[in-house]
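**Student:** Using the sequences and the accompanying hints, generate a full structural model.
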Amino acid sequence: MSIARLTVGFDVTRQAITKHLRVMEEAGLLRCARRGRENVWHLEQRRLADARHYLDAISKQWDGALGRLRKFVEE
Amino acid sequence: MNTDRIEKKILLHAPRKRVWRALADSTEFGSWFGMKFDGPFEPGARKRGVIVPTIADAEVANAQKKYEGTPCEITIEQMEPERLFSFRWHPFAIEPGIDYSAEPTTLIVFTLEEVANGVVLTVSESGFDQIPLARRAKAFTANEQGWGMMVKVIEKYLVQAP
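As given, the protein sequences belong to chains A and B, one line each in that order. Residue 1 is where the first sequence starts when you use the numbering used here, and the numbers rise one by one after that. Residue 1 is where the second sequence starts when you use the numbering used here, and the numbers rise one by one after that.
One or more of the hints may lead you astray.
[Said to hold, decoys possible] In silico DSS-like links for lysine-lysine, alpha-carbon gap of 30 Å or less:
#1 B:K36 <-> B:K17
#2 B:K9 <-> A:K71
#3 A:K60 <-> B:K9
#4 B:K36 <-> B:K66
#5 B:K9 <-> B:K36
#6 A:K60 <-> B:K17
#7 B:K66 <-> B:K8
#8 A:K60 <-> B:K36
#9 B:K66 <-> A:K60
#10 B:K36 <-> A:K71
#11 A:K71 <-> A:K60
#12 B:K66 <-> A:K71
#13 B:K36 <-> B:K8
#14 B:K8 <-> A:K60
#15 B:K17 <-> A:K71
#16 B:K66 <-> B:K9
#17 A:K71 <-> B:K8
It is worth saying that the hints were derived from the structure and are not from the lab. On a predicted model such as this, the values are computed, not experimentally measured, just so you know.
**Tutor:** Shown next, in the form of structure tokens:
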């Protein structure tokens with residue numbers, strides 16, 4: 001998808017969109033490819049899945065924390 | 001599936017007073033949670049902490065090792081003795097040198113319920129939907145830069161890789 005299409009329907013500038021696409025590219029969520037005169041952005045599916053699975057990691061961290069709390073109060 | 005919130009419950013075989021102290025006393029909380037705070041918890045207070053090795057669990061302490069010394073700030077919300085303790089923080093705030101103060105926080109709420117053989121402690125963390133995807137991805141990577149709320153809007157319109 002090109003920037004031009006991304007801006008349709010949003011009250012934002014091309015510059016603002018580009019800036020945020022670069023942020024996501026830095027984070028590894030997007031890839032940018034040149035097609036003729038345009039940049040076309042592609043989603044990195046696996047990285048997106050990783051980012052979503054972070055909630056699972058947080059959930060496990062809480063499991064761990066509660067386990068430590070139990071040891072702490074029950075001893 | 002609720003993407004905004006995580007909730008956990010645990011039955012603790014300990015008196016209610018004991019459980020409350022383990023939450024409300026910043027030294028006690030820190031020792032099992034794995035953080036050292038700069039003073040006592042009070043409603044409304046902003047507390048600075050650093051990640052320290054946790055007690056009693058070598059495997060976790062090892063996994064946390066790379067974060068040791070990372071500063072962390074929490075803002076205490078409510079403290080209802082022996083019933084509820086809540087605070088806010090930045091959940092993925094592990095990159096050194098970043099100022100997270102403008103970013104969204106998640107809310108952590110501990111509630112205590114006395115039952116026949118102990119205390120059921122419920123902890124919830126909510127507000128994840130407001131955390132932009134780029135921030136979550138950066139928690140995995142070493143790179144860092146600023147980001148904005150619009151990233152969340154943009155992600156809906158991205159094309160899939162062929």
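**Student:** Run the distance test for B:K36 versus B:K17: straight-line Cα separation, threshold 30 Å.
**Tutor:** Status holds; Cα separation ~22 Å.
**Student:** If you draw a straight line from the CA of A:K60 to the CA of B:K36, is it 30 Å or shorter?
**Tutor:** This hinted pair holds, its Cα atoms lying about 21 Å apart.
**Student:** Tell me if the straight-line CA distance from B:K9 to B:K36 falls inside 30 Å.
**Tutor:** 24 Å, holds
**Student:** Tell me if the straight-line CA distance from A:K60 to B:K9 falls inside 30 Å.
**Tutor:** Holds, because 13 Å separates the two Cα atoms, which is no more than 30 Å.
**Student:** Between A:K71 and B:K8, does the CA-CA distance stay at or below 30 Å?
**Tutor:** 17 Å, holds
**Student:** Holds or violated: are the alpha carbons of B:K36 and B:K66 at most 30 Å from each other?
**Tutor:** Given that 30 Å is the threshold and the Cα spacing comes to 16 Å, the pair holds.
**Student:** Take the C-alpha atoms of B:K66 and A:K71, compute the straight-line distance between them, and say whether it is at most 30 Å.
**Tutor:** 24 Å, holds
**Student:** Next pair to validate is B:K66 with A:K60; report whether the Cα-Cα distance is within 30 Å.
**Tutor:** Roughly 18 Å separates the two Cα atoms, so the pair holds.
**Student:** For the pair supplied as a hint, B:K66 and B:K9, is the alpha-carbon distance within the 30 Å limit?
**Tutor:** At roughly 28 Å apart (the allowed maximum being 30 Å), B:K9 and B:K66 satisfy the hint.
**Student:** Please work out if B:K36 and B:K8 have their alpha carbons no farther apart than 30 Å.
**Tutor:** The hint holds at about 23 Å.
**Student:** Is B:K36 within 30 Å of A:K71, Cα to Cα?
**Tutor:** Cα-Cα ~19 Å, so holds.
**Student:** Hey, A:K71 versus A:K60, does the alpha-carbon distance stay inside 30 Å?
**Tutor:** Measuring from Cα to Cα gives roughly 17 Å; hence the hint holds.
In this structure, none of the earlier numbered hints is contradicted; all agree with it.
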